[in-house]
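> Below are the chains, spelled out letter by letter.
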Amino acid sequence: MTLRETQRALVACFRGETAIETAAGVLGVDPARLAIYARMVEGHVRQAVAAMFPETLSALDPSVQPALDAAFYTAHPPSGWSLDAAAGPFPAFLEGYLPDRVSETDAAFLVELARFEALLAEVALDATVEAEGTPPVGHGPYVLNPTLIAVEVEHPIVEWLVAAPRPATLPPRGPARTVLVFRHPERDTACFQAATDDLLFAVKIAADGLDPDDAARAAGLPTDAARAAMTNALALGLVTGA
Amino acid sequence: MPPVSPTAALGHGVGLRRPHWAELLQQPERVDFVELLADNFLGRGGAPARMADRVRETWPCVLHGVALSIGGPAPLDTDYLDAVAALARRTGARWYTDHVCFSNAFGVELHELVPLPCTREAVRHVVERVKQVQARLGPGLPFGLENATTYLRFPQDELGEAEFLTEILNGADCGLLLDVNNVYVNSVNHGFDPRAFIDALPLRRVLQIHLAGHEWVDGTIIDTHGTTMIPEVLDLYAYTLERTGPVSTLVEWDNRIPPLDVLLAENDRVRARAAAVLCGGGAA
Ligand SMILES: [Fe+2]
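Sequence order for the protein chains is A and B.
Read in this note's numbering, the first sequence has 90 at position 90, and its numbers run on one by one without any break.
Read in this note's numbering, the second sequence has 1242 at position 242, and its numbers run on one by one without any break.
These are computed hints drawn from the structure, not numbers from a lab.
We put the beta carbon where it would ideally sit given N, CA and C, even for glycine.
One or more of the hints may lead you astray.
Claimed, not checked - Derived, one-sided and incomplete: chain A residues facing chain B with beta-carbon distance under 7 Å:
#1 M1
#2 V11
#3 T74
#4 D126
#5 G174
Said to hold, decoys possible - Here are a few chain A residues that face chain B, going by a calculated C-beta distance under 8 Å:
#6 P31
#7 A164
#8 R166
My request is simple: use the sequences and hints to build the entire structure.
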């Protein structure tokens, strides 16, 4: 066999297009040893999904997961070296896979939760804000965290993630709500907060370079409330001191 | 006197893994150098980017990768290589290594070090591609290849593994990252003498040594990097050092990552053994 023929036979085996025994016969190798590679190749994708979507997987009925892992591996062969990219199509895959296997309510929640976890992973590792010369947003006493994004969700994702213990059933869709997602400026972890009026006020103060007291007076709020909002936003890492 | 690698030995280091980042920065003197798994840093901002900068300030470092697919059929990914080169500039890395294997073929990424048949065709293919890598990286970033763990042997093999590696390394004028544990694992799984294997390698090309733990699973040794190394691997390391002289030596631990102290104790165990060999009194 040429090198290319050998590689083609190996890849066909790892992709499940050829059974281990058949491929081992074609290649003239020990099927048990070939199976080690097949397991490891699939295992890398499973681990990448587990690393990026721990909450989604924890919310899934455990009986669903093995078949789901195998189906995802079959449906989405990774094409590039990045394991993050290998896990990336998982939320879209769930959208097609889950409706026949779990309730409509659960499927909708799990898909949105998976999308949210993918976003957290992206925010944690996004390299664009480190690009040299990225100007800080805000020119007043506070600077807006440059990684901050606001997303709309249809499920109480934040409430579910912070609940302890988690409710026995997954929540249904509710009114759309905004969640602030950002990377902590010191810890470098992805953080999220429900967008309360106080936090949005703090974001506006930082983004527009306002003095908190002036902003409070303009909005008809007590200055103490504005200062407390800024203190809280600073503690969360949503804004930093200029 | 044993030949010494032209890239000066860096001492004893560990593969830098995320659970240890903060703690190791508190006691940087415990290791002489670190190895970054390039694939965990490329294109990433946030914590990895910040850590890459801390590494540069703190230790000599080297880059190691698992995704080059030097034996693969597809053209080399020059974007990937350029990203590796950029990471090397950012961290001040002394060299960059990957494995003799393929990990990407026909549009499918395997994320695994899949062995190549030990044929002359594969030698020619890999040599040609190593030259492309060297040309792309330039002389400022030496490139080395690691002998991989291989659970398979192919019936069309024309060369033994040591001969296969030697022809590649000499043909491409390339450094060797000698994974002593991999030699041991392959020697047991395929039934050869690990010392004869070491003797057959072009040891003047050894750029770095890897050491790690392995485990038996269903009658095969699996290179898990998930435990301490066995005495036989440490003995083979000593045997190798007697023939190479000082070599930058790195402990890899990638699964079931232990507390930092356990990893550092393993590194100290290796350091002590190397000192015994190189400073007299040690014997394999
Ligand atoms: Fe290694």
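> Go through the hint on D126 (chain A) and say holds or violated, using the shortest Cβ distance to chain B against 7 Å.
Nearest chain B Cβ about 5 Å off; hint holds.
> Under 7 Å, Cβ to Cβ, is where V11 (chain A) needs to be relative to chain B, so tell me if that hint holds or is violated.
5 Å, holds
> Have a go at the P31 (chain A) hint: is there a Cβ in chain B nearer than 8 Å to its own Cβ?
For P31 (chain A), the interface hint is violated, since the closest Cβ of chain B sits about 11 Å away, which is over 8 Å.
> Report holds or violated for the interface hint on A164 (chain A), using the least CB-CB distance to chain B and a cut-off of 8 Å.
24 Å, violated
> Would the hint on T74 (chain A) be counted as holding, given a Cβ-Cβ threshold of 7 Å to chain B?
12 Å, violated
> Please check whether M1 (chain A) passes as an interface residue: C-beta within 7 Å of a C-beta belonging to chain B.
Because about 6 Å separates M1 (chain A) from the closest Cβ in chain B, which is inside the 7 Å limit, the hint holds.
> Using 7 Å as the Cβ threshold, decide whether G174 (chain A) counts as touching chain B.
31 Å, violated
> Is the hint on R166 (chain A) kept, meaning its closest Cβ partner in chain B is under 8 Å away?
26 Å, violated
Of the numbered hints stated above, those contradicted by the structure are hints 3, 5, 6, 7, 8, listed in ascending order.
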